[in-house]
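Each chain, letter by letter, is given below.
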Amino acid sequence: MNVGDVVRALFVVLLASWVLLPIVISILYAFAPSDEYYSDKPIPTSFTLEHMKLLWDLGAREAIVNSIIVGLGTVILSFLLGVPAGYALARYAFPGREAVKLGIVATRMFPVVVIAVSLLKTFLKLDLADTLLGLTLAHTAMALPFVALIASSVFAGIPRELEEAGFVFGLSPLGVFFRITLPLAAPSLTAAAMFTFLLSWNEVFIASALTLTNRTLPAFILTSALATPIDTIKFAAAVLMIVPALLFILIARRYLITMWAFGR
Amino acid sequence: MTGRASTGLLRVIREWYKPLLLLAPALAYLGLFIVYPIVDSFATAFFYKGYFSLESVKYLLYSPLSKFWEALRYTLVLAALVVPIETTLALIATLVLLQPFKGRDTAVYILTIPIAISDVAAGLIWYSMLTSKGFINKILLGLGLIDSPIVFFGYEYRDRALLAIVMAEVWRSMALVFIIIFAGAQLIHKELFEAAEVFGASFWVKLRHVLFPLIKPSIQAALIIRTLFAFQVFAVVWVLAGRDVPVLAGEAYYTLVELYRFDVAALYALVIAALSMSTGVLYLRFLRARHLEVGRS
Amino acid sequence: MASVRLEGIVKRFGSTVALRGVDLEIEDGESMVLLGPSGCGKTTTLRIVAGLEKPTMGRVYFNDRDVTNLPPRDRNVSMVFQSYALWPHMKVYDNIAFPLKIRRVPENEVRKKVRWAAELMEIEGLLDRYPHQLSGGQRQRVAVARAIVVEPEVLLMDEPLSNLDAILRVKMRSEIKKLQRRLGVTMIYVTHDQVEAMVIGDRIAVMNDGMIMQVGSPNQIYREPANTFVATFIGSPQMNMMDGYLEGRVLYVANSRLDDVDLGRSGKVIVGFRPERVLIGGFEGLRFKGRIDFVENLGSTTIIHVEVEKGRKIVVSISGEASLSQGEEVTISIPRDAIHVFDAKTGRAIAHGV
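Protein chains in written order, with the working numbering: chain A, 1 to 264; chain B, 1 to 297; chain C, 1 to 354.
If you are wondering where the hints come from, they were derived from the structure by calculation, not from laboratory data.
Careful, some of the hints might be misleading.
[To be verified] Beta-carbon label-pair distances, calculated as ranges:
#1 Val257(B) with His132(C): 26 to 32 angstroms
#2 Leu168(C) with Ile76(A): 46 to 52 angstroms
#3 Ala156(A) with Leu168(C): 29 to 35 angstroms
#4 Gly280(B) with Phe178(A): 54 to 60 angstroms
#5 Asp35(A) with Lys216(B): 52 to 58 angstroms
[To be verified] Below, in silico cross-link-like pairs of lysine-lysine (PhoX-like), each with a Cα-Cα straight-line distance of 25 angstroms or less:
#6 Lys101(A) with Lys216(B)
#7 Lys18(B) with Lys54(C)
#8 Lys178(C) with Lys112(C)
#9 Lys54(C) with Lys112(C)
#10 Lys216(B) with Lys206(B)
#11 Lys289(C) with Lys313(C)
#12 Lys54(C) with Lys113(C)
#13 Lys125(A) with Lys138(B)
#14 Lys177(C) with Lys113(C)
#15 Lys289(C) with Lys310(C)
#16 Lys133(B) with Lys121(A)
#17 Lys101(C) with Lys112(C)
#18 Lys18(B) with Lys101(A)
#19 Lys41(A) with Lys133(B)
#20 Lys289(C) with Lys345(C)
#21 Lys138(B) with Lys41(A)
#22 Lys206(B) with Lys53(A)
#23 Lys41(A) with Lys53(A)
#24 Lys268(C) with Lys289(C)
#25 Lys206(B) with Lys121(A)
#26 Lys91(C) with Lys112(C)
#27 Lys101(C) with Lys91(C)
#28 Lys268(C) with Lys178(C)
#29 Lys206(B) with Lys102(B)
[Claimed, not checked] Sample of chain C residues at the chain A side, in silico, Cβ under 8 angstroms:
#30 Val77
#31 Phe81
#32 Ala85
#33 Pro88
#34 His89
#35 Pro99
#36 Arg103
#37 Val105
#38 Pro106
#39 Val110
#40 Tyr222
Computed from a prediction, not measured in an experiment: that's the story for all the values here.
We put the beta carbon where it would ideally sit given N, CA and C, even for glycine.
In isolation and in its complexed conformation, chain A is listed as follows (with noise of 0.2 angstroms):
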């Protein structure tokens, strides 16, 4: 071991403790005792289930399975619209593809605030405001342009040759789709639906602007469980946020570098 490696060893220390140090100490505090909170320890040895109860009571239980009925309700929509999308964007050399790839890289890079006060309006009409289907047609928008582009990448990954194989031994075009293209697809589109549930579950710009009672579980922490002045129940709202982030990078970590020019 030379001085380069240690040297290279204290970085990269350093860089993982900068990351992980803030997310232990917010779990830690959010499971600590007031009373150890507010005291000069800076790391707490007991745990309570308290602050979690309170948030759990205030609302947050209605709000996680709001998040998770838009969560799911938004990969189901945005895969039924882009699945097929970048299907053929991957597989279709038509005239004008580039330009609609482009147009759908643009619409992904759109302001999400555009959108949400836009369709609070729209909403307001049609009686879809502070409703999860409205909700989930927002959130839908906002995914749609990542789940087309990120199939279309799969499915270009898929050599053509394997369906020819199946066109060839007797399959029809919907049968080489179900049969052949999508089990091969399939690893990396549940990857890409984990992390599309994620990005709605995230939002909270359009979800506190669109809903005031059917909150999802970031717009329930915006706005009520800021407005408490017990920080150890706002350290319990940021761990009920981060359990799926964490779950994802658990289970999807192997798909991430090749998610990136797609996700936020």
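Place chains B and C on chain A using the hints.
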């Protein structure tokens, strides 16, 4: 003539109806939920009951409640601080993690964690570090480096709050920059380095003339994406400072949800969109110019 | 089994023309090789027979049945792809069985047929593995087994050996030929390798630039090339091609002449002869004096480059070793029956032997 033209069109439809059919639902949806809102925002911002109106602009510029200029300034300052810092950090991290060593994959994996964490959670997580009873204050107090806690939050401590926001934003979004640059760097063939080594290139030469030119496209992509998103910064700021540190998206949220001023909110949205678009155009210009330069040399 | 007939096939991709009028008949049970350089349209032709591409113009018949507009699944063809195209999410057994399952063949029948095909290709031991666990040669065998298990009317092969190493390629090409004979299946085989074409084809269709240049048995193609393209494409080293001139009954080539040539015409021609038919020394036929420029000893053959005029060389191939060295003056001769004469303008053959 018309007969031929129409058969030509028919042939295009016959040949391409499949991809068109597959794309149509998604494109229609994007049109309805993204393109239409953009158009609608113009109408909302500049028309009142069917007539052209500049009420929104008046509010934005002259209302005592408006924090427009402050919000614009803070948004730009935040972007100008966060994006360069996190890009530099991500570059250094890429350099350190490029060569394989024991535990490298774990390190890469840890660095990517924040990409999945929401801005709300990131704000709260840093809140736990930085409140008066937060981790950092307790440590500093415990070490006797300070006598009373450093207060980061509250109107009179806005500059410190800004610091906290920058930290949380860098912490949260560096992961994305790192992934983009690291992915780009990994694609570089090892042979390129080895070739440079054969010719006796030093570490710095390798860095400047082999690695850096090759990951430049990744860096540029990261810069574009991050700058665009930096202009939309909202939740981290809202969680850590509320309207003490106003930003454009925050003001849009406030005018929309608290004041029900749709026209003003739409105008804020358009300002953000304009900022994003001009950044995109600027970067594209810059990129193209660079490519021409490369082509010439 | 079936015969295949292509009539006036034209294929355009956008503004590029891949095939410009291909007519070809393949008899029932015949092995037809489509041979040509890359981009000549041979793979496109194969894909049109498979139904993976639709021709822009022209028709495809199987046994007089017009299949031009039928999708692949209604044609009873099968195919070995260049990349093998084994489905990575299925084990070898399922890869071979899948075409049968699609056709709703009963389960025990499927098992029997898969076993038959696997035994034929000597891959019984691999049925439980996934494609990524196989070597290139084993994958190739699995791909062939999958192609024959459905007992297709037409078996299509798209450069199936191009991804194998040289030794395996030589072994597999004779195996494929034997297999085709044994099954008696009509086969269309695409390759750019002339030796492979010679071994596998009952007949060979030489293609260039979207057209068929010549169709014939390997022998015909070699001995009676229909034009300069086929003449130079087939044979290694390449046929020597020299400008010649016919006047009366005399053929002039470079600084040499040949009397008593009766082709009933005069004017510019192209004269071709194969390196392996050129003799060192000799008194018959067309004779040149020259200086040896370069000798390549390949073991079983020796290739000698002879300069007969400044900048004009003739390649000579003799079997075994030659005790000749660079700079030596030699006389070479080409027997009359080894001389091909082509039209200088069209490149078409006028005579094989003069």
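To see whether the hints hold, each was checked on the structure:
1. Val257(B) with His132(C): 26 to 32 angstroms: violated, 54 angstroms
2. Leu168(C) with Ile76(A): 46 to 52 angstroms: Holds, at about 49 angstroms.
3. Ala156(A) with Leu168(C): 29 to 35 angstroms: holds, 31 angstroms
4. Gly280(B) with Phe178(A): 54 to 60 angstroms: Hint violated: Cβ distance 39 angstroms, outside 54 to 60 angstroms.
5. Asp35(A) with Lys216(B): 52 to 58 angstroms: holds, 54 angstroms
6. Lys101(A) with Lys216(B): holds, 23 angstroms
7. Lys18(B) with Lys54(C): Roughly 15 angstroms between the alpha carbons, so the hint for Lys18(B) and Lys54(C) holds.
8. Lys178(C) with Lys112(C): OK: Lys178(C) and Lys112(C) at ~22 angstroms, within 25 angstroms.
9. Lys54(C) with Lys112(C): violated, 35 angstroms
10. Lys216(B) with Lys206(B): holds, 14 angstroms
11. Lys289(C) with Lys313(C): holds, 11 angstroms
12. Lys54(C) with Lys113(C): Violated. Lys54(C) to Lys113(C) sits at ~32 angstroms, over the 25 angstroms cutoff.
13. Lys125(A) with Lys138(B): Outside the cut-off at roughly 52 angstroms; violated.
14. Lys177(C) with Lys113(C): holds, 21 angstroms
15. Lys289(C) with Lys310(C): holds, 12 angstroms
16. Lys133(B) with Lys121(A): Violated: Lys133(B) and Lys121(A) sit about 42 angstroms apart, past 25 angstroms.
17. Lys101(C) with Lys112(C): holds, 13 angstroms
18. Lys18(B) with Lys101(A): OK: Lys18(B) and Lys101(A) at ~17 angstroms, within 25 angstroms.
19. Lys41(A) with Lys133(B): holds, 9 angstroms
20. Lys289(C) with Lys345(C): Given pair Lys289(C), Lys345(C) is violated - Cα atoms ~28 angstroms apart, limit 25 angstroms.
21. Lys138(B) with Lys41(A): holds, 7 angstroms
22. Lys206(B) with Lys53(A): violated, 56 angstroms
23. Lys41(A) with Lys53(A): Measuring from Cα to Cα gives roughly 23 angstroms; hence the hint holds.
24. Lys268(C) with Lys289(C): holds, 22 angstroms
25. Lys206(B) with Lys121(A): violated, 56 angstroms
26. Lys91(C) with Lys112(C): The given pair, whose Cα atoms are some 17 angstroms apart, holds under the 25 angstroms limit.
27. Lys101(C) with Lys91(C): holds, 14 angstroms
28. Lys268(C) with Lys178(C): At roughly 46 angstroms apart (the allowed maximum being 25 angstroms), Lys178(C) and Lys268(C) break the hint.
29. Lys206(B) with Lys102(B): Status holds; Cα separation ~23 angstroms.
30. Val77: At 6 angstroms from the nearest chain A Cβ, Val77(C) passes the 8 angstroms test, so the hint holds.
31. Phe81: With a minimum Cβ separation of about 5 angstroms from chain A (threshold 8 angstroms), the hint on Phe81(C) holds.
32. Ala85: Nearest chain A Cβ about 4 angstroms off; hint holds.
33. Pro88: Cβ of Pro88(C) sits 7 angstroms from chain A, so the hint holds.
34. His89: holds, 5 angstroms
35. Pro99: holds, 4 angstroms
36. Arg103: OK, holds: Arg103(C) within 8 angstroms of chain A, min 6 angstroms.
37. Val105: With a minimum Cβ separation of about 11 angstroms from chain A (threshold 8 angstroms), the hint on Val105(C) is violated.
38. Pro106: Status violated, d = 16 angstroms.
39. Val110: Not OK, violated: Val110(C) not within 8 angstroms of chain A, min 13 angstroms.
40. Tyr222: With a minimum Cβ separation of about 33 angstroms from chain A (threshold 8 angstroms), the hint on Tyr222(C) is violated.
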